[in-house]
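Going down the list, the protein sequences come from chains A and B. Following my numbering, the numbering of the first sequence begins with 2 at its first residue and continues without gaps. Following my numbering, the numbering of the second sequence begins with 2 at its first residue and continues without gaps.
Treat the hints as calculated values from the structure; they're not laboratory data. Predicted model, so just to flag it, every value in this text is computed and none were measured. Careful: at least some of the hints might be erroneous.
Where chains are identical, the list cannot tell them apart; a pair therefore holds if satisfied intra-copy or between any two copies.
The list that follows gives simulated cross-link-like pairs (lysine-lysine, DSBU-like), each with its CA atoms no further than 35 Å apart [to be verified]: (1) K286 / K391; (2) K286 / K173; (3) K211 / K50; (4) K107 / K286; (5) K107 / K391; (6) K26 / K368; (7) K254 / K286; (8) K50 / K254; (9) K374 / K173; (10) K50 / K374; (11) K377 / K173; (12) K173 / K213; (13) K312 / K173; (14) K80 / K274; (15) K274 / K173; (16) K377 / K268; (17) K173 / K328; (18) K287 / K391; (19) K71 / K328; (20) K254 / K274; (21) K328 / K50; (22) K211 / K173; (23) K92 / K377; (24) K374 / K286; (25) K377 / K287.
There are 2 protein chains.
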Amino acid sequence: MSCYIENLGDHTDQEVTIRGWVYNKRSSGKIKFLLLRDGTGLVQCVLVKGETPDEVLEAFGNLTQESSLKVTGVPRVEKRAPGGYEMSVSKLEIVQIAEEYPITPKEHGVDFLMNHRHLWLRSSQQHAIMRVRNEIVMAIRQYFYENGFVLVDTPILTGSVGESGQTLFATKYFDLGQAYLAQTGQLYAEAGAMAFGKVYCFGPTFRAEKSKTRRHLTEFWMMEPEVAFNDSDDNMDLQEDLICYVVRWVLEKSRPDLETLERDISKLEQVVKPFPRVSYDEAVKKLQEVGESDIQYGADFGGDDETILTKMYDRPIMVYDYPRAVKAFYMKQHPERDDLVRCNDMLAPEGYGEIIGGSQREEDPEKLIQRIKEEKLPLEAYGWYLDLRKFGSVPHAGFGLGLERTVAWICGIHHIREAVPFARTMGRLNP
Amino acid sequence: MSCYIENLGDHTDQEVTIRGWVYNKRSSGKIKFLLLRDGTGLVQCVLVKGETPDEVLEAFGNLTQESSLKVTGVPRVEKRAPGGYEMSVSKLEIVQIAEEYPITPKEHGVDFLMNHRHLWLRSSQQHAIMRVRNEIVMAIRQYFYENGFVLVDTPILTGSVGESGQTLFATKYFDLGQAYLAQTGQLYAEAGAMAFGKVYCFGPTFRAEKSKTRRHLTEFWMMEPEVAFNDSDDNMDLQEDLICYVVRWVLEKSRPDLETLERDISKLEQVVKPFPRVSYDEAVKKLQEVGESDIQYGADFGGDDETILTKMYDRPIMVYDYPRAVKAFYMKQHPERDDLVRCNDMLAPEGYGEIIGGSQREEDPEKLIQRIKEEKLPLEAYGWYLDLRKFGSVPHAGFGLGLERTVAWICGIHHIREAVPFARTMGRLNP
């Protein structure tokens, strides 16, 4: 019978067939080692001259890296072997001898690797990142499911602009003119929150931004909950609770993958409540005191500012109540400070910076219309959004979590292009 | 303390505050009934002249449909009330008196309702559909998670064409020319399967099709698993197992919502293995025998053909091995029949028709190149895809499940535009 490498433990001392690809092979005198991967793990296959059938030894000789094959043998526990099992081979069926594999153990440039992303995913580091991503997504969905949130998948093709008209991808939409690719699902999630109380959306979002930083993609996944009757403080409580849940989940499920990535796990273990809450005013003061930043009061933080700020703390921090002038039109005006809005960003530690941006939303229809006009956005496109303030408007709040930034932080990788299977940046649309 | 209506059972005989919206109100002599919704359920609030404080009775008089409010009182079990609880009101705080609500109990046209989709979602039928959708999505994700599949989110913006160049949305992509919105994640999922063995993607897909049927949207969610070493029969086994799991899950979790939708639950209870497997050849013969279809051998089925066919069975059926000429280039040639490919569709019963399309993939690089040329697709755009056939090619198979079609079938609704929060069709881009 055939089985997956991850299930070998259920079949010790039985003959099984593993179907996979050559990850590595080497010979040591009479013994030959074949490291096989099948996507669920690695297993070391052993061939011994004199014991292993001759045709198997011959087939071994022909194998190239990434050749596909079926290997039959009896697995046994071997703590020193990668994956913890070893298999004596009694049968070896070649499916395909691979052409010379372009990715070798030598150093390749990033561009070369990104050009071969469809193959690079097979390497153990990339494999580990994608498995952690899989766990993070499942943790997030489980968290919202358990807590009674309803998933509201929001549209990608939209007639109305999201946050700003600057960075939109547009496409011709039949006879209806231009459609824009959603920058956010938030406005639709707000409609959902008025219908279902607690909702979230989780899908790809798009920014046609000419940014080339390690924190930007043109297409990225964003998870956006929205809760009726929540204020900005409730919103921060929810963020904190979610992030602790996700980190705990990953620590429980993904330890081997984090070890493959050489992640300092002790840093993740520090991610417990409460997270420091720092007002924008305080944060600017701190940055100015440290002296490494040239931030002026009233400006938004740059990536470098966030890096400096997060290095002062051992866990994520939440910076709240930013100047209205640097934030989106829908954020609720601060009740005591006309220049501020009730919002917050969550900045991940170790220099990672913003992973969440959230706010209480302006529920007053007059103030909202005024802000739309101030931002010179087309009022007529927001008709349905303004309806939410006419028919039972309530205080509400929500946030957006950038999946790739969260994956990059939790995996401890430098650039978010490795946190997504097929990254899209200004200069990359392939593979 | 405030609580959600769905949790009232934990707070009987305690004073709690519910925050929500007026769903309905009526008076009967000295007693006034206020039906309140908060997104998690409905609760009947009771006000009695002489017992309820005067200011509460006065506030009740001012309430319009969808006005937002906070109601304090003590919940008690009342089997006859919607939701099973009733609450005597001791305090009523109005958050906002809603303007005259456009959706009334009278019949509205579909276009009117779709124009007010952001409000229509609040009605109990739409609420129920979205909650079932939420359960279906969670069931699917849980199924793949439990079975060791890795989520591989595939890109929306692509340089290469998916299945055919006919129905693509395009957008300008910086200096790289045109990007196309993905019609499928399959090609990328195939790369994932070679890296992880078992993968799935689940995201929005796009077809710029000028179809106006009840089964078509221009933007819809598709879930696509891909498994290395699976053949077409394994692929059908997986489909069958998944659909049974999802239907069981919904029957367990969503009974009240299915009842709201007046779904014939006995029909869903019949969805158990095995599903009939009917070859294309047999299916055409059956259709010709019945005489209601004008299908010619060699043609693909139309929506009407599927409706007729599915009405012959009490559960989903799988039609397999279609003519190569009507199917996509990547499907595996039948080993004995040059004119067929190893593929299948799953057709949902009760006339719903196709919810899944799947196939074994052509793993032979020469045959694949030949098919790309036959279809006059740009070979150079498939370079990376062909790499998967050079470096350890293996038999593999997968399928795509259309989420909205599945939701429509399980909920028993006629048109898929109600199976998604904000539908996109040829004629609709708003709200």
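**Asked** Taking each numbered hint in turn, which are not upheld by the structure, reported in ascending numerical order?
**Response** 1, 2, 3, 4, 7, 8, 10, 13, 14, 15, 16, 18, 21, 23
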